[in-house]
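**Student:** Mapped onto the numbering used here, the consecutive letters of the sequence shown carry residue numbers 275 to 481.
The hints are simulated quantities; they were obtained by calculation from the structure and are not laboratory data. Certain hints may be false.
As the list claims (entries may be wrong) - No more than 20 Å apart at the CA atoms, straight line, and that leaves these computed lysine to aspartate or glutamate pairs for DMTMM-like:
#1 Lys395 - Glu367
#2 Lys478 - Glu392
#3 Lys480 - Asp452
#4 Lys397 - Glu424
#5 Lys478 - Glu367
#6 Lys437 - Glu392
#7 Lys402 - Glu367
#8 Lys480 - Glu319
#9 Lys402 - Glu418
#10 Lys437 - Asp452
#11 Lys366 - Asp452
#12 Lys379 - Asp398
#13 Lys445 - Glu418
#14 Lys404 - Asp450
#15 Lys379 - Glu341
#16 Lys324 - Glu341
#17 Lys437 - Asp398
#18 Lys435 - Asp396
#19 Lys324 - Asp450
#20 Lys366 - Glu392
#21 Lys435 - Glu469
#22 Lys377 - Asp398
#23 Lys404 - Glu418
#24 Lys402 - Glu392
#25 Lys379 - Asp450
#26 Lys376 - Asp396
#27 Lys376 - Glu341
#28 Lys422 - Asp398
#29 Lys435 - Glu424
#30 Lys435 - Asp452
#31 Lys366 - Glu341
#32 Lys318 - Glu424
#33 Lys377 - Glu392
#34 Lys445 - Glu424
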Amino acid sequence: MKGRNKQTYIQNAIKQVCVILLFLAASNSYGQQHRNYSVIWRGKEVGSLKATSQTQPQGQMYSTISEMNIQMLLSFHIQSNITNLFSNSHLKEAQVQRFVNKKKKLTSTTHFNQNHYELKKDKDDIIKLKSNIPATVTWLYFNEPIQKTEIFSETFLTFLKFKQIAASVYKTTLPDGDVMTYTYQSGILQRVEIESGYGDFVFKLKI
């Protein structure tokens with residue numbers, strides 16, 4: 275009997291541990307969404323982008339992590355990490371980091387301070403912005419910009435003019451001249467097309 279009781283105790287303990295692990299897994303994934311995109315350049319897959327939306331106590335977090343390997347005259351490994359924190363439908367914090375061949379090439383931050391934003395890029399001086407920021411480029415991966423004419427770029431630290439050119443299709447031109455087109459279906463971003471001086475890129479949602 276003692277052996278059976280010990281075995282039963284161990285089995286119950288294992289079940290309790292499994293329940294706790296399942297609960298923790300569910301808690302960690304609560305309010306979290308992931309969307310994965312293939313990066314296509316000149317008809318060839320050269321990288322990937324992972325977009326994440328997560329509900330946190332301090333607000334809604336959006337982020338993207340991307341990697342690309344581009345072969346031209348030289349080889350370039352490009353990594354970009356972008357994070358956003360929204361609270362009460364406006365941006366509170368944003369950070370952008372970009373690396374080329376493991377060397378940091380860009381850092382930009384956007385910080386809301388009382389009644390204005392403080393914008394900083396690399397070693398440049400801080401610029402103050404008093405306009406509200408209700409939407410960003412990273413935000414677009416989980417929200418269709420219906421009736422929005424401006425989207426804030428965390429990379430360029432400026433507002434981009436957005437124009438709807440077809441049903442659930444939107445276009446903007448970046449300060450460097452690149453043209454970006456966002457296509458949605460049922461509110462979900464399906465693809466981003468970029469017309470750049472280095473050739474056309476497509477970020478395509480993986481099914």
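**Student:** Confirm or reject each hint.
**Tutor:** Consistency of the hints with the structure:
no.	hint	result
1	Lys395 - Glu367	14 Å, holds
2	Lys478 - Glu392	33 Å, violated
3	Lys480 - Asp452	24 Å, violated
4	Lys397 - Glu424	27 Å, violated
5	Lys478 - Glu367	27 Å, violated
6	Lys437 - Glu392	27 Å, violated
7	Lys402 - Glu367	14 Å, holds
8	Lys480 - Glu319	12 Å, holds
9	Lys402 - Glu418	28 Å, violated
10	Lys437 - Asp452	15 Å, holds
11	Lys366 - Asp452	27 Å, violated
12	Lys379 - Asp398	14 Å, holds
13	Lys445 - Glu418	12 Å, holds
14	Lys404 - Asp450	24 Å, violated
15	Lys379 - Glu341	14 Å, holds
16	Lys324 - Glu341	9 Å, holds
17	Lys437 - Asp398	30 Å, violated
18	Lys435 - Asp396	24 Å, violated
19	Lys324 - Asp450	24 Å, violated
20	Lys366 - Glu392	10 Å, holds
21	Lys435 - Glu469	16 Å, holds
22	Lys377 - Asp398	19 Å, holds
23	Lys404 - Glu418	25 Å, violated
24	Lys402 - Glu392	5 Å, holds
25	Lys379 - Asp450	16 Å, holds
26	Lys376 - Asp396	17 Å, holds
27	Lys376 - Glu341	11 Å, holds
28	Lys422 - Asp398	30 Å, violated
29	Lys435 - Glu424	5 Å, holds
30	Lys435 - Asp452	13 Å, holds
31	Lys366 - Glu341	26 Å, violated
32	Lys318 - Glu424	32 Å, violated
33	Lys377 - Glu392	25 Å, violated
34	Lys445 - Glu424	11 Å, holds
Hint violations for this structure: numbers 2, 3, 4, 5, 6, 9, 11, 14, 17, 18, 19, 23, 28, 31, 32 and 33, all remaining hints satisfied.
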